[in-house]
Amino acid sequence: MLAYIVRRLFAVVVMLLVVTLVTLSIFFLIPKMTGSDPAAMFVGKQADPASIEGIRQKLGLDEPILVQFWHFVSGIFVGRDYTGGGDTIHCAMPCFGYSFRTEQDVWSMLVDAFPVTLSMVIGAAVLWLVLGVSTGVISALKRGTIIDRAAMITALAGVSLPIFFTAMLAMLVFRTQLQWVDASYTPITESFTGWFGGLLLPWVTLAFLYAAMYARLTRATMLEVLGEDYIRTARAKGLPEPVVLGKHAMRSTMTPILTIFGMDLGALVGGAILTETAFSLHGLGGLAIKGVSERDLPLILAVTLITAACVVVANLVVDLLYAVIDPRVRLA
Amino acid sequence: MTAPLHETSAGESTATVVGAPDAPGTPDNSGTPDASAKAIQGRSPWQIAWTRLKRDKLALAGAFVVVFLILVAILAPVIVGLLGHPPDEFHEDQIDPLFGTPIGSWGGISSDFLLGVEPVNGRDVFSRIVYGARISLLVAFLAAVFAVVLGTVLGIIAGYFGGWIDAALSRVMDVMLAFPQLLFTIALVSVLPNELLGLDGSGVRIAALVLVIGFFGWPYVGRIVRGQTLSLRNREYVEAAQSLGAGRFYILRRELLPNLIAPIMVYATLMIPTNILTEAALSFLGAGVKPPTASWGQMLSTAITTYEADPIFMVIPGFAIFITVLAFNLFGDGVRDALDPKGSR
Numbered sequence: 001m002l003a004y005i006v007r008r009l010f011a012v013v014v015m016l017l018v019v020t021l022v023t024l025s026i027f028f029l030i031p032k033m034t035g036s037d038p039a040a041m042f043v044g045k046q047a048d049p050a051s052i053e054g055i056r057q058k059l060g061l062d063e064p065i066l067v068q069f070w071h072f073v074s075g076i077f078v079g080r081d082y083t084g085g086g087d088t089i090h091c092a093m094p095c096f097g098y099s100f101r102t103e104q105d106v107w108s109m110l111v112d113a114f115p116v117t118l119s120m121v122i123g124a125a126v127l128w129l130v131l132g133v134s135t136g137v138i139s140a141l142k143r144g145t146i147i148d149r150a151a152m153i154t155a156l157a158g159v160s161l162p163i164f165f166t167a168m169l170a171m172l173v174f175r176t177q178l179q180w181v182d183a184s185y186t187p188i189t190e191s192f193t194g195w196f197g198g199l200l201l202p203w204v205t206l207a208f209l210y211a212a213m214y215a216r217l218t219r220a221t222m223l224e225v226l227g228e229d230y231i232r233t234a235r236a237k238g239l240p241e242p243v244v245l246g247k248h249a250m251r252s253t254m255t256p257i258l259t260i261f262g263m264d265l266g267a268l269v270g271g272a273i274l275t276e277t278a279f280s281l282h283g284l285g286g287l288a289i290k291g292v293s294e295r296d297l298p299l300i301l302a303v304t305l306i307t308a309a310c311v312v313v314a315n316l317v318v319d320l321l322y323a324v325i326d327p328r329v330r331l332a
Numbered sequence: 001m002t003a004p005l006h007e008t009s010a011g012e013s014t015a016t017v018v019g020a021p022d023a024p025g026t027p028d029n030s031g032t033p034d035a036s037a038k039a040i041q042g043r044s045p046w047q048i049a050w051t052r053l054k055r056d057k058l059a060l061a062g063a064f065v066v067v068f069l070i071l072v073a074i075l076a077p078v079i080v081g082l083l084g085h086p087p088d089e090f091h092e093d094q095i096d097p098l099f100g101t102p103i104g105s106w107g108g109i110s111s112d113f114l115l116g117v118e119p120v121n122g123r124d125v126f127s128r129i130v131y132g133a134r135i136s137l138l139v140a141f142l143a144a145v146f147a148v149v150l151g152t153v154l155g156i157i158a159g160y161f162g163g164w165i166d167a168a169l170s171r172v173m174d175v176m177l178a179f180p181q182l183l184f185t186i187a188l189v190s191v192l193p194n195e196l197l198g199l200d201g202s203g204v205r206i207a208a209l210v211l212v213i214g215f216f217g218w219p220y221v222g223r224i225v226r227g228q229t230l231s232l233r234n235r236e237y238v239e240a241a242q243s244l245g246a247g248r249f250y251i252l253r254r255e256l257l258p259n260l261i262a263p264i265m266v267y268a269t270l271m272i273p274t275n276i277l278t279e280a281a282l283s284f285l286g287a288g289v290k291p292p293t294a295s296w297g298q299m300l301s302t303a304i305t306t307y308e309a310d311p312i313f314m315v316i317p318g319f320a321i322f323i324t325v326l327a328f329n330l331f332g333d334g335v336r337d338a339l340d341p342k343g344s345r
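Protein chains in written order, with my numbering: chain A, 1 to 332; chain B, 1 to 345.
Some clues are possibly wrong.
Keeping only pairs whose Cα atoms sit at most 20 Å apart, straight-line, the calculated SDA-like set for lysine to any residue is [to be verified]:
no.: 1; chain 1: A; residue 1: K290; chain 2: B; residue 2: L188
no.: 2; chain 1: B; residue 1: K290; chain 2: A; residue 2: R295
no.: 3; chain 1: A; residue 1: K290; chain 2: B; residue 2: K54
no.: 4; chain 1: B; residue 1: K57; chain 2: A; residue 2: T154
no.: 5; chain 1: A; residue 1: K290; chain 2: B; residue 2: L192
no.: 6; chain 1: B; residue 1: K57; chain 2: A; residue 2: G144
no.: 7; chain 1: A; residue 1: K290; chain 2: B; residue 2: K57
no.: 8; chain 1: B; residue 1: K54; chain 2: A; residue 2: G144
no.: 9; chain 1: A; residue 1: K290; chain 2: B; residue 2: T302
no.: 10; chain 1: A; residue 1: K142; chain 2: B; residue 2: D337
no.: 11; chain 1: B; residue 1: K57; chain 2: A; residue 2: D229
no.: 12; chain 1: A; residue 1: K290; chain 2: B; residue 2: D337
no.: 13; chain 1: B; residue 1: K57; chain 2: A; residue 2: R295
no.: 14; chain 1: B; residue 1: K57; chain 2: A; residue 2: A150
no.: 15; chain 1: A; residue 1: K290; chain 2: B; residue 2: V189
no.: 16; chain 1: B; residue 1: K57; chain 2: A; residue 2: G79
no.: 17; chain 1: B; residue 1: K54; chain 2: A; residue 2: R149
no.: 18; chain 1: B; residue 1: K290; chain 2: B; residue 2: L188
no.: 19; chain 1: B; residue 1: K57; chain 2: A; residue 2: R149
no.: 20; chain 1: A; residue 1: K290; chain 2: B; residue 2: K290
Stretches of chain A that chain B covers, calculated by requiring three or more beta carbons in the stretch to come under 8 Å of a beta carbon on chain B [stated by the list, open to error]:
no.: 21; stretch: 10-20
no.: 22; stretch: 23-30
no.: 23; stretch: 184-195
no.: 24; stretch: 238-248
no.: 25; stretch: 272-280
no.: 26; stretch: 310-318
It is worth saying that the hints were derived from the structure and are not from the lab.
For glycine and all other residues, C-beta sits at the position ideal for the given N, C-alpha and C.
In isolation and in its complexed conformation, chain B is listed as follows (with noise of 0.2 Å):
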């Protein structure tokens, strides 16, 4: 069910081509923000566009809480250290023995347990969301790593050599981007060991996801990269540099991919959160990670059994799913708003 949402932002996203024709190779980066104090001065498309997401309140607002959220996640155990109780640890002392809820009124919220207690074993729920944000931003990021590396590769090689390596490869895309992901993965993950290649538990499963969902993810960015190649290879610094006698990965690199990192980075920060949705649906469909470790997806559908009676234990998980998805939606709407060559929004 996520898929529709990649088919969106890609959609949105085709229209955004830096183009940098007239300064191929590295682009300049100098221009940090201080450097634009002259009166006249030419300006690349990459201060323009780092201009235009300082003006962007939502976008900015979006970048913090990012930030904020993976300082989260690094600082994980000393924030539980200082705050909370260690995530896997039993409270039962803060359960109701009869009907397996908290005590406290509130998800059993306190001082001592700022977000309450899961219901049944009584964890804490707080040290519980901490960790759940290493899982979630940890699989998501490195998932869209693969994606990005593998999409850019196979998308440029299809887009710049075209002929039958490029048939074959659009035709694995067709076929990948049919494959029902969701269903798939369960599928996969059930027949998964608990150890392999030296991982066990929590590793196997982490490494499996990061796997499927950059697996699954690559033939979106490789569709937008190829269209984008295929554009660019018949332009005249192209044909500069060949007549120059320049060889193909000379040109693939050096004339190409500068070209193709404002439409990539556009694509991987939008790629994030659905990749956190999708780390949640599968945890939630029970083929994410497996408790003791904890994740917000996991929660939720522990939460499903029990959320009439503790709505706040449902809701919290919900809430940081929401949040982080959100502002990194936001961090990337503005990044494409800002390198959109034809925006003034």
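This is chain A alone, in the form it adopts within the complex (with noise of 0.2 Å):
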């Protein structure tokens, strides 16, 4: 088990290492291979030759790509300065940049935005698990009657909705018609029915979509696992209905479904940008478009870390849970 955790966190340190090299020549390369100056892309379109040149500097920019690649990775243990154009700039460890369109510490600008997506997520979790699983085992359980029927077909509409589209209705008609709900996102340290309010719609929204996924996994799963030799046991054994359910067919249904849940959490929490964009919210997904628009390629790449990293770590969180919930995975 020791064994297996060791050599699955080295690939995960080996993937983080192939997202940043990867992003950071997405901004080093191709613009030198179509001939455009990254340096002067950082600083804006009104840049002064000076500016361009301390930017260049500063970033390493001249340098192979590996350099700077090693600067960025030391940058996170060690902390970095940025050297160029008559000034230095201190970024205290962890550094994941420096954004010089903001004049910020980048890790403080992801601190920032963290609790935002967490609330977000967290939220929307609760919310979609509950309802998403307690359809799909009902779907499956009344098979093919009118209330299957009924919810597979909201299901299906349900991930055939863009998110963004969703959002958009539902601010549409609960806050702009209704006006049920607040608009914008108060930090629960100041106001708890401020927060809850702020971010009911995004949950909602949020939930729909994934709740409608669960659904049809679930029901999908459950059906699978009833047909199995094992409940046919259980059941020949005489062992009452709701046991046969509860205790058997359950436990084999979760299994999936928790993996899935382990990788969506990850994804999500590593940013939720449609949802983010759409609701306006500056969560970790609201930084990353805000660093694309504005060419912030410190942003960016400590965004896009960020994010695979959520990822990678909740899937490996994920597979080591597999094996406590399912006896029949053994780590080799």
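Now that you have both chains on their own, put them together as the hints suggest.
The structure is reproduced here in structure tokens:
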């Protein structure tokens, strides 16, 4: 078990390094290949040559890609000084870069954005897990009835709706027309009701999409499980139906769902870009969009890395949990 | 955010293997509907699937809408010529100069402008929806083809040859599945120049969308194909072919590939709606095609600033995406159920 964890952690680190390197390359190699100057891109349109040169020196854009990569990675652990154009900017550990656009330490921007995304995702996750799984189970048990068909058609519609459209519809109906909820996000430390009201629509919108996916998945898995021999055995030996379903069937049904739940959670915490854009929430996803629209390389690099890290770590946790939940899984 | 969608359909479609182990080679496709008229007749898995699909009303409705949308996309210039205005023609006379919203009620819907006009510049929404179908379907189809071809080839190689090739390819797939696709794509598109490889403007962006969406899609196909190949390569008929002296590539092409077609087909159909959503999402985030070229996602991103004053302009492209994706999903689910050897529904 320990050897397995160590090996997986090693794989995680390698993967994150690959992601960092590829992101750096996008911003370094593509402009070079197509003949534009990356330094000029990061300064903006009305930049004077001196400040472009300053950025170039500070970011080390003339250095080979691997040297830049090394500077970035070592900065995370020991901090980093940006020198060039006559001044020095110190970026303390953990240094995920320094945004020249906003003149801010990227790490502090990440720290500000994280609670927003986390509150949004956790609230929605609770909703969609309860709603999606229970709908899926009921649908599977009532297979072929009107309840099943209605639930599955709703779920199919749910997965066919683009989330940013659902978000705008929800805002139009509940915020603009009915005025049931408030507009903006408030930190939970300031006001619980403000926090709750501000996040209610994002929660419901996000949960609707994911509940639809989970309902479909739960139904399909449950039906497959109910057809297995051990369920027949359990019934044949006279176990009451609630025990057969609750204990025997639910356990195998939940394993694949938990796997996907972990991965979804990781992916969303790392940046629910669409939902945050539609609701103008300033979480990690919002930060990513800001980074791209302002061509803020250090910001994009950091957010991409954090997002990938969330996904990979979630995968790892799920794999480890899997071994605990499902005794058939043996870690080699 | 589309990844879990893949995940779901991947999980659902692993059960779908149309086994025709006793009839390797090209499946008998002569069984058109009228051929099954005789009393007792051996039916190929494809005929069974076709009979099932014909009975599935929802899938047929989906297929009907899909065909209709494809026709709309192909005939866009004709349709717009008959019923609309050129898609990038401004009609500022339809716009209230003070608020920038359409003068007419319901987003300016009239007999002249069937779906109203765009806020601020007054472009014909109907024409832009019709032309937007082209972008949506084109990108989704091409990206699906790209992903399916790449995923099938690499999946078969991984599954059939095994060993270090399999290990390496599986690692690559794992890495790709953990990449933040949306973020990556918008970062990539934001550094793309306006001209590349002889393409310009929308051409570059359409090509970039197809490549990126397809490139991030292949690991999902690859995983499924690899799994199927692993389970098929030790079947008796493969051994039989080997003992008759068939080469590796003969076996791949003539024995394995025909039996992989069903799961691949199911996955390809279900990949198209996902791709449509991804294209819309990227255009919504400003990383898709640029105006004046019309796309549904981009219309929604324009609408986000105006929807409170002019909700119709937001609802119409949203519904266009919804209907299209729903139709493909209904059809895809139908194909999956029809090809599922265990399923009687």
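Need the status of pair A:K142, B:D337: alpha-carbon distance at most 20 Å?
Judged against 20 Å, a Cα distance of about 19 Å means the pair holds.
Agreement of B:K54 and A:R149 with the hint, judged by alpha carbon distance not exceeding 20 Å:
holds (19 Å)
For the pair supplied as a hint, B:K54 and A:G144, is the alpha-carbon distance within the 20 Å limit?
Holds, because 19 Å separates the two Cα atoms, which is no more than 20 Å.
Holds or violated: A:K290 to B:K290, with C-alpha atoms at most 20 Å apart
OK: A:K290 and B:K290 at ~18 Å, within 20 Å.
When you check the alpha-carbon spacing of A:K290 and B:K54, does it fall within 20 Å?
violated (49 Å)
Sort out whether A:T154 lies within 20 Å of B:K57, counting only the CA atoms.
holds (17 Å)
Is A:K290 close enough to B:V189, meaning Cα to Cα at most 20 Å?
This hinted pair holds, its Cα atoms lying about 14 Å apart.
Given the hinted pair A:K290 and B:K57, is their Cα-Cα distance within 20 Å?
violated (46 Å)
Distance restraint between B:K57 and A:G144, which requires alpha-carbon spacing of 20 Å or less:
holds (15 Å)
Three residues or more, CB to CB closer than 8 Å: is that satisfied between the stretch 10-20 of chain A and chain B?
Answer holds; 3 residues pass the 8 Å Cβ test.
With the threshold set at 20 Å, check whether the alpha-carbon distance from A:K290 to B:D337 stays at or below it.
violated (43 Å)
Three residues or more, CB to CB closer than 8 Å: is that satisfied between the stretch 23-30 of chain A and chain B?
Holds, because 4 residues of the stretch 23-30 of chain A bring their Cβ atoms closer than 8 Å to Cβ atoms of chain B.
Violated hints, in rising order: 3, 7, 11, 12, 13, 16, 23, 24; the structure is consistent with all others.
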